[in-house]
Amino acid sequence: MTPAGVRLPGPHPRSMQRGWGMGESALLTTAPPEAIVPAAPLIETARRVLLFVAFRILILAITVVVAVYLTILIANMGGYVDQIRRAEIREEVSQAMVANPAFRSLPPEERARLQQELVRQRERYFGLDQPFLLRSVIYLRDALLLNLGRSYQISSDTGSRQVRLILLERLPPTLLLLGTSNILIFFLTLWAGLALSRRYGHFVDRLVIGLAPLSSGPAWFYGVFLILIFAAFLRWLPFGGMVDVPPPPDAPGYALSLLRHLILPTLALTLSNFFVNAYANRTFFLIYAGEDYVEMARAKGLRGRDIERRYILRPTLPNILTSFAIVLITSWTGAPILETVFNWPGLGRVTYEAIGLVDTPVIVGATVIFAYLLALTVLILDILYAIVDPRVRIGGPGIEQGAP
Amino acid sequence: MRRWLRDLLKELRYYPSALLGGSIILIMLVLSVLVPIWIPYPEAVRLWRGGEEVWYRLPRQVPPAWVNWFRREKLAGTLIFSTRDQPSLKRSQPAGEGRRIETEFVFDYPYDTFPQELVLYIWARFREKAPFLTATWKTPDGRSLRIMELRAEGMKQGFRFAQDRRLLQRLQGVPPEEALFSVPEATPPRVLKGTYRLRVEAVTFEPDSDVDVEFVAYGQVYGWAGTDRYRRDLGVALLWGFPVAMAFGLLGSVGTTLIAMWLAAVGVWFRGWVDELIQRLVEIFSIIPFLPVLILVGTLYSRSLVVILGVAIILSVFSITIKNYRAIFLQIRELPYIEAAQAYGAGSGRIILRYLLPRVLPLVIPNLVIGVPSFVFLEASLAVLGLGDPVLPTWGKVLDEAIFSGSLLQGSYYWVLEPALLLMVAGLSFSTVGFALDRVFNPRLREI
Amino acid sequence: MTPSKALLQISGLTLHFRTRAGIVRAVDGVDLEVGENEALVILGESGCGKSSLARAILRLLPRNVAAYHGSILLDGLDLMRLDDESFRREVRWKLISMVPQAAMNAFNPVLRVGEQVIEPALNQLGMSRPEAMERARTLFRLVGIPEAFLQRYAFELSGGMRQRAAIAMALITSPRLVLLDEPTSALDVLTQANIFNKLKQIKWELGVSFILITHDIAVSSELADRVAVMYAGQIVELSDAQRFFREPLHPYSRGLLASVPRLRHRGELAFIPGRPPGLIQLPPGCRFADRCPLRFEKCAQDPPAIHREGRMVRCWLYE
Numbered sequence: 001m002t003p004a005g006v007r008l009p010g011p012h013p014r015s016m017q018r019g020w021g022m023g024e025s026a027l028l029t030t031a032p033p034e035a036i037v038p039a040a041p042l043i044e045t046a047r048r049v050l051l052f053v054a055f056r057i058l059i060l061a062i063t064v065v066v067a068v069y070l071t072i073l074i075a076n077m078g079g080y081v082d083q084i085r086r087a088e089i090r091e092e093v094s095q096a097m098v099a100n101p102a103f104r105s106l107p108p109e110e111r112a113r114l115q116q117e118l119v120r121q122r123e124r125y126f127g128l129d130q131p132f133l134l135r136s137v138i139y140l141r142d143a144l145l146l147n148l149g150r151s152y153q154i155s156s157d158t159g160s161r162q163v164r165l166i167l168l169e170r171l172p173p174t175l176l177l178l179g180t181s182n183i184l185i186f187f188l189t190l191w192a193g194l195a196l197s198r199r200y201g202h203f204v205d206r207l208v209i210g211l212a213p214l215s216s217g218p219a220w221f222y223g224v225f226l227i228l229i230f231a232a233f234l235r236w237l238p239f240g241g242m243v244d245v246p247p248p249p250d251a252p253g254y255a256l257s258l259l260r261h262l263i264l265p266t267l268a269l270t271l272s273n274f275f276v277n278a279y280a281n282r283t284f285f286l287i288y289a290g291e292d293y294v295e296m297a298r299a300k301g302l303r304g305r306d307i308e309r310r311y312i313l314r315p316t317l318p319n320i321l322t323s324f325a326i327v328l329i330t331s332w333t334g335a336p337i338l339e340t341v342f343n344w345p346g347l348g349r350v351t352y353e354a355i356g357l358v359d360t361p362v363i364v365g366a367t368v369i370f371a372y373l374l375a376l377t378v379l380i381l382d383i384l385y386a387i388v389d390p391r392v393r394i395g396g397p398g399i400e401q402g403a404p
Numbered sequence: 001m002r003r004w005l006r007d008l009l010k011e012l013r014y015y016p017s018a019l020l021g022g023s024i025i026l027i028m029l030v031l032s033v034l035v036p037i038w039i040p041y042p043e044a045v046r047l048w049r050g051g052e053e054v055w056y057r058l059p060r061q062v063p064p065a066w067v068n069w070f071r072r073e074k075l076a077g078t079l080i081f082s083t084r085d086q087p088s089l090k091r092s093q094p095a096g097e098g099r100r101i102e103t104e105f106v107f108d109y110p111y112d113t114f115p116q117e118l119v120l121y122i123w124a125r126f127r128e129k130a131p132f133l134t135a136t137w138k139t140p141d142g143r144s145l146r147i148m149e150l151r152a153e154g155m156k157q158g159f160r161f162a163q164d165r166r167l168l169q170r171l172q173g174v175p176p177e178e179a180l181f182s183v184p185e186a187t188p189p190r191v192l193k194g195t196y197r198l199r200v201e202a203v204t205f206e207p208d209s210d211v212d213v214e215f216v217a218y219g220q221v222y223g224w225a226g227t228d229r230y231r232r233d234l235g236v237a238l239l240w241g242f243p244v245a246m247a248f249g250l251l252g253s254v255g256t257t258l259i260a261m262w263l264a265a266v267g268v269w270f271r272g273w274v275d276e277l278i279q280r281l282v283e284i285f286s287i288i289p290f291l292p293v294l295i296l297v298g299t300l301y302s303r304s305l306v307v308i309l310g311v312a313i314i315l316s317v318f319s320i321t322i323k324n325y326r327a328i329f330l331q332i333r334e335l336p337y338i339e340a341a342q343a344y345g346a347g348s349g350r351i352i353l354r355y356l357l358p359r360v361l362p363l364v365i366p367n368l369v370i371g372v373p374s375f376v377f378l379e380a381s382l383a384v385l386g387l388g389d390p391v392l393p394t395w396g397k398v399l400d401e402a403i404f405s406g407s408l409l410q411g412s413y414y415w416v417l418e419p420a421l422l423l424m425v426a427g428l429s430f431s432t433v434g435f436a437l438d439r440v441f442n443p444r445l446r447e448i
Numbered sequence: 001m002t003p004s005k006a007l008l009q010i011s012g013l014t015l016h017f018r019t020r021a022g023i024v025r026a027v028d029g030v031d032l033e034v035g036e037n038e039a040l041v042i043l044g045e046s047g048c049g050k051s052s053l054a055r056a057i058l059r060l061l062p063r064n065v066a067a068y069h070g071s072i073l074l075d076g077l078d079l080m081r082l083d084d085e086s087f088r089r090e091v092r093w094k095l096i097s098m099v100p101q102a103a104m105n106a107f108n109p110v111l112r113v114g115e116q117v118i119e120p121a122l123n124q125l126g127m128s129r130p131e132a133m134e135r136a137r138t139l140f141r142l143v144g145i146p147e148a149f150l151q152r153y154a155f156e157l158s159g160g161m162r163q164r165a166a167i168a169m170a171l172i173t174s175p176r177l178v179l180l181d182e183p184t185s186a187l188d189v190l191t192q193a194n195i196f197n198k199l200k201q202i203k204w205e206l207g208v209s210f211i212l213i214t215h216d217i218a219v220s221s222e223l224a225d226r227v228a229v230m231y232a233g234q235i236v237e238l239s240d241a242q243r244f245f246r247e248p249l250h251p252y253s254r255g256l257l258a259s260v261p262r263l264r265h266r267g268e269l270a271f272i273p274g275r276p277p278g279l280i281q282l283p284p285g286c287r288f289a290d291r292c293p294l295r296f297e298k299c300a301q302d303p304p305a306i307h308r309e310g311r312m313v314r315c316w317l318y319e
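Chains as they are written, first to last, in this note's numbering: chain A, 1 to 404; chain B, 1 to 448; chain C, 1 to 319.
Hints were generated in silico from the structure; no laboratory data involved.
Just so it is clear, CB atoms sit at the ideal spot from N, CA and C, and this is done for glycine as well.
Don't take each hint at face value.
Here are the computed distance ranges between Cβ atoms for each label pair [to be verified]: (1) B:Q410 - A:L171: 28 to 38 Å; (2) A:G304 - C:G126: 44 to 54 Å; (3) B:E53 - A:Q121: 31 to 41 Å; (4) A:R303 - B:G310: 33 to 43 Å; (5) B:Q331 - C:G274: 30 to 40 Å; (6) B:G310 - A:L134: 49 to 59 Å.
Coverage of chain C stretches by chain A, computed from C-beta distances (three or more under 8 Å per stretch; other residues unrestricted) [claimed, not checked]: (7) 94-107; (8) 282-295.
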């Protein structure tokens, strides 16, 4: 498996369904008693979906805890989180001492001794004298509550050194970039997949298939080429950043500037993801178009549009969601580089800055936040699966629960 | 087995892009084997990290020499002459206590532009009495000019034409790079093409005193790949990028695929809690953010490619593909002919070989091939973030330096394009082959 | 042959596909007739083109169709002359409906069963939803499925239930003719018998006509009013059921009936040696000749349809 995710159409949908229950007992030849409970459909569905969602949230929560714990362990193997905590304590203590007039009057040796004593007290309070695994649990609790400590050097726009603030401040631009791009890609590939499946064998179809290998290049890579062409050579679009500097004071000007800056990064993401996903979607549509129930729909006299919508698109949605999930996840994890290349002031770029400055608290904090973002993405996808595929809700045969 | 391979190749004929990709892969693999032989690792490190000592002869940030094919106005090439490389250029005669050493550099200057810089490097060996050197410049049209007179200082020194006040005075303020090569009285200045001579005469005053000189006319192009900001020949890094990329890519992809397959098989074989555990791990790892954790490891612990590769493999193994492999293994487990095979006494090895492998290969092989570019680009990604391997020269490192030294703004497009195009070619070649293999192994995809 | 009242008259129906291996002549000049409230059973081995026949009637053509012509008269109206849109609007499910082979996969997995059952009623007949649901409930009761299952999804129904639901769905628009393509081949014997009984009941109660395509002679003999035997893309015998089962004309029909195992039979099982020809490389002359125990020289020519006493047979023996 690749770090970026392999976006192949995957095994035939039929092969994923086991045991469709051929043959049954003779007892069913007569009508079963009315004892089978026919619950009201809409309430029943809602109840099932809610139960499912609650269940998934629970599982996801546990998963997040374990994932963040692993992250903490990795970070603290070299004692770096301890370092962060120690530095924080020392800073707090010295600040407290400076603020307190009573301390200032003391002679320097006294002050030093008192400072050490206070530091030691606090260290014990925060569990820094506990064994490795236990300490990590304490850090885990903090990380989960997003109590991410203070940075070494980086500060937020408001001047605070709280890692949480720094990172959360940088979240909206990332969401803007990735959100816009991914929504665009989703609908584009959906539409393209449908359009291509109708024109099977056509030149455009083969063109898209031929361009599918472009997916091997990550978005930031195409970004470099795009900047080379459109910014350096043609000078049509800006090199990077989110808005012009200085930003236009009026709202429409600002929006326009924002849009101009969004074009290249979005295009980069699209180049990397569009062709292979359009190809995968089109293949799904073609495979599902060959299903027996589609022929039945034709036999029943349904219109082409309706057939496409209800009998091809709707059953295929889970597969489409799966391939889109891969796009989402890789875009999250690729954010640091994409934002770095385009100088986009988001979560990814602050991570890059932290690398350069070796600002460990920020790096660790960013990893935790990325984990949360991924968990959220997975949760949303699970919910969508439940809405779209009744087999997931009701637990049909052979369907595995949960999004990839 | 051999027939299977032949059938496979016959099928691939229908995919010309894959054939092209395949041949490129072969070329890359061959290069990956040849390059470490041709430029051994210590030599590569020396060339790439050697410092001024190694790089001083090359012009700073210039494009490759072959751009001249596309230009009407030919950019100046770099000319290097050294008595250290060619001792025969030196002629030495005894003179008094020491020797009189004459060196003459004769060269053609066919370019349309002036050189970037002119430097005469001098290595002098002496104990107390420093040698004395003079240099004379002769143009094709017979003009002659004394350009340098000095006493050697220390072991090595560089006489930069453009910085010598006396020479500047003699040339009436015109930069020597221009003045020494231009047609007299021409406005705008035009290059005088023809054969030039630079004669250096050194007089030593001690019996074992010796002098070596090196003349470098820094051009605006160099070599087949150009140079970077530090005067390094990019060709070294680009060549060494091949084995690094191939090794990283192949090891990463093959390692991940094999381990993932093995894990899926183990889960299906042992069922119960082992299977559950593996599935839970897959879910957990899907939440662990891949790149940020690699960043964590790279920043805090080690940037060595070996370590990064290991961590990357571990993180990639527990991914969705295990579920795909598991689905296939589950199908196989249910198959009656497995039981039948066991019943007639087939050993596990035989079962695996004859029944398991053929069913799982259609999924494994395309995955494996398509996975290679992911790892290749991963190395580049980390390099661009500043977390590249500290020692090895790789494409990613070159790209990183290219992007962040503002080469795009300065118009040194070649610096970015060369590693980028190599990355692209490497990535595309594997992925075209992979996609074609996918269609070959899954014929139903072909009907569609 | 003039039936009591001809509902459907098919003549020269032809459907060929283009494949990599060549042109498949699945339906090669088929003549059929079905009367009002009549059940025509089409017998044949697998690979003789039966399923293609059903699709040819409903114009469910694949992408690689090579030839499609003939005439299909329903109540005198030639369906083949209709353009695609009119055919879709007027014929599909309104006049002719279908119960597919192996209804396992006949239902959309993400829509509720009831939704799919009433779909044609809403679309083709313009019925209101409550009306259509009421009709669906009635039909479900008729075929023996609890109404609650209208709200379920296809995977929640067993195989037999799905088959019955498909039958209900085929009847929702009260069509004149229902094509049943091997409706019970995937089910066990008891369910088969059950479903055939239901079909008899439906025929009786609703007055609908059936074309039942099957290879199962024994069970279908219960239901058939008329029998057609299909071989290698052609109808080789067409007769009323009584006379057919008593005295089959075509050597192939005889072979088929002889090969039905009888409960108290002693000795070896009879069978027809050889295999039916592939539909791509059809031999010249009578297509059954190479397996026919009664073949003679004339069989080298393609026999025409010979009518005798209200029955049709394609065999030189009856010239």
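Pairwise beta carbon distance, G304 (chain A) to G126 (chain C), judged against the given window 44 to 54 Å: violated (19 Å)
Verdict on chain A covering the segment 94-107 of chain C, criterion of 3 CB contacts below 8 Å: Held - the segment 94-107 of chain C has 9 residues with a Cβ nearer than 8 Å to chain A, which meets the minimum of three.
Hint check for L134 (chain A) and G310 (chain B) - Cβ pair distance inside 49 to 59 Å: At 27 Å between Cβs, range violated.
Satisfaction of the hinted span 28 to 38 Å by the C-beta atoms belonging to Q410 (chain B) and L171 (chain A): holds (34 Å)
Outcome for the supplied range 33 to 43 Å, where the beta carbon pair is R303 (chain A) and G310 (chain B): violated (57 Å)
Distance restraint evaluation - E53 (chain B), Q121 (chain A), Cβ atoms, bounds 31 to 41 Å: Given a distance of about 55 Å, which is not inside 31 to 41 Å, the answer is violated.
Satisfaction of the hinted span 30 to 40 Å by the C-beta atoms belonging to Q331 (chain B) and G274 (chain C): Between Q331 (chain B) and G274 (chain C), where Cβ atoms are some 36 Å apart, the hint holds.
Claimed coverage, the segment 282-295 of chain C by chain A - three or more beta carbons nearer than 8 Å: violated (count 0)
Comparing the model with each numbered hint stated earlier shows that hints 2, 3, 4, 6 and 8 do not hold.
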